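Top line first, the protein sequences correspond to chains A and B.
Quick note on the working numbering: the first sequence kicks off at 2 and runs consecutively.
Quick note on the working numbering: the second sequence kicks off at 3 and runs consecutively.
Simulated from the structure, these hints should not be mistaken for lab results.
Honestly, I wouldn't trust all of these hints.
Here are the simulated lysine-lysine pairs, DSS-like style, with alpha carbons at most 27 angstroms apart [to be verified]:
hint, chain 1, residue 1, chain 2, residue 2
1, B, LYS162, A, LYS17
2, B, LYS300, A, LYS17
3, B, LYS157, A, LYS17
Please read these numbers as outputs of a predicted model, since none were measured by experiment.
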Amino acid sequence: MSDLQTALRIHLSINKLGVWLMWAILGGILVINMALFAIFTPEHPSSNSALIALPCYFVVVASIAAARALPLALTLGLTRVRFYLASLLWAVLVGVVWAVAAAALARLEIATDGWGVHLEFFRPWGAAAGSALETFAIVLVALLVAFVTGWCFGIVHSRWGVTGLLLALGLVLVVIVAVIVLAAAPHVLPELSRTLSELTVTGAVILSAVLAVLLAVLGYFLTRRTAV
Amino acid sequence: MTFSTDHAPVLSEGQLPRSAGNAADAADSANPAGSVVAVDGVTRRYRQVIALNDVTCHIRRDVITGLLGRNGSGKTTLLRIIAGQEFPTDGSVTVCGATPAENPAVAHRLAFIREDQCYPDIQVQQALSIASYAFSNWDHDFAMRLVTDFELPLKRKIRKLSRGMRSALGIVIGLASRAELTMFDEPIAGLDPVARQMFYDHLLADYATHPRTFVISTHLIDEIAGLLEDVLLMSRGGIAMEASADELRGSIVTVTGPRAAVETFAAERGQWHVDAIGGHARATIQRPLTDADHAAAKTLGLTVEPITLQQFLVQLDGANGAPTFEAEQEVSR
């Protein structure tokens with residue numbers, strides 16, 4: 002329990018401001034969007050994918066936790082694995098709160114006809130407008146994938162420096178491009194291409210959840226042998 | 003006293019005041035309960051660089067041990083391995099009878115404050131608050147007293163602290179943690195003389211009331227020598243000497259005077275190292291001198307002086323190839 006408290010305390014201290022600042026920034030962007038939508042009234046409601054800022058923030062938070070908070074945690078008598086697991090727990094807790102908030106705001110958005118200006122600010126990519134469950138699932142899974150990805154980047158940087166980080170980023174880029182190419186080129190691997198192009202929201206969420214678990218396992222093995 | 007022959011090529015085992023194989027050491031190794039840390043044949047390689055080479059040593063429980071040596075001698079690597087923050091390439095380490103790496107039972111008993119301690123972007127008071135959760139024996143009042151004495155600004159971000167203040171923060175966390183094994187790596191780096199003295203005073207006072215094991219790594223040897231009960235002297239990735247500070251203080255002397263007289267006198271008394279310039283020489287003798295020895299030295303017109311730990315380290319590394327006298331140096335063989 003003490004380890005968990007210490008680890009959570011570290012995360013709360015690091016992100017004391019950031020957790021709220023992120024939503025304050027989103028609020029600011031929402032106000033600007035509302036003003037723009039009020040001036041240039043669109044014919045159909047549209048989403049601006051502003052929620053992508055949340056997983057981006059999680060990538061940064063996780064990288065910092067792995068690179069800078071982990072050494073402090075070890076100094077304070079935690080083990081790598083315990084701090085990692087506690088960090089995952091923190092990510093899940095914050096992720097759930099944020100996803101619930103996003104889902105509630107998405108519902109409110111629909112109820113107010115897009116804040117009165119046909120704006121779908123809180124509808125993540127792929128989710129049906131006003132679907133609280135889809136919004137919740139997409140936001141939560143995106144946050145978890147972002148956190149474990151960021152953690153892995155942070156650990157890779159600690160273990161192998163900038164070269165390792167660049168190689169890891171290059172590898173991720175290659176995988177993303179490969180998936181896009183496979184999805185867009187049905188003659189290469191028809192089955193996979195069809196699966197990817199016909200992926201439903203539920204399928205995408207499940208696939209992302211599996212990816213998050215795989216990355217979490219990778220993070221575990223990378224963290225176990227990290228020298229700080 | 004254990005003295006590595008790798009680093010003192012002129013001494014045979016029989017000449018040592020307390021050799022690696024003597025009864026006291028045998029008793030220590032047979033009594034692991036007396037040691038809180040046991041390092042056995044630890045080697046750490048970083049590609050071509052050997053940071054630690056077959057290091058074997060023990061750290062006694064409830065004793066202040068100094069881990070001394072030059073920059074790059076392997077002190078930090080050894081401490082990191084003991085703390086479980088680094089992994090040995092070869093050999094084993096036990097802390098309180100268990101392997102330290104990824105062992106919560108060991109980690110909870112240990113505080114390791116590094117010179118390059120990495121902190122996230124938090125304030126001093128947040129760091130102390132986190133530390134208070136981490137250490138079961140944390141003494142808040144003591145921590146606040148130290149904060150006041152070191153004039154640490156609680157509200158300031160750690161990244162905005164000067165080097166000395168960061169060292170002071172590490173000292174506050176290390177001392178107030180009251181961890182069973184507290185290890186400081188270069189704790190006084192960047193501290194002004196007043197703050198350094200404050201650290202020594204607080205360390206000794208708290209150690210007196212709450213005895214526990216301290217390991218302090220530094221290359222500012224003379225300043226800290228008075229605190230130490232045991233000494234581990236590191237040189238070039240190895241343990242050059244393992245001794246109690248009292249033993250060491252009395253057992254190593256330098257004899258200076260006319261070259262011929264010094265050489266004659268030292269050769270008969272277990273000379274370890276001789277520096278000579280022209281007709282003048284200085285010999286280091288690693289053996290307590292008797293009254294008869296002192297009388298003989300006086301007769302020969304020689305000056306006998308105890309050697310400081312720092313001088314000893316300088317000579318130790320000089321004996322391994324780095325000349326202490328540029329003009330002329332002779333290391334007896």
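So, going through the hints one by one against the coordinates:
no., hint, in the structure
1, B:LYS162 x A:LYS17, "holds (18 angstroms)"
2, B:LYS300 x A:LYS17, "violated (72 angstroms)"
3, B:LYS157 x A:LYS17, "holds (14 angstroms)"
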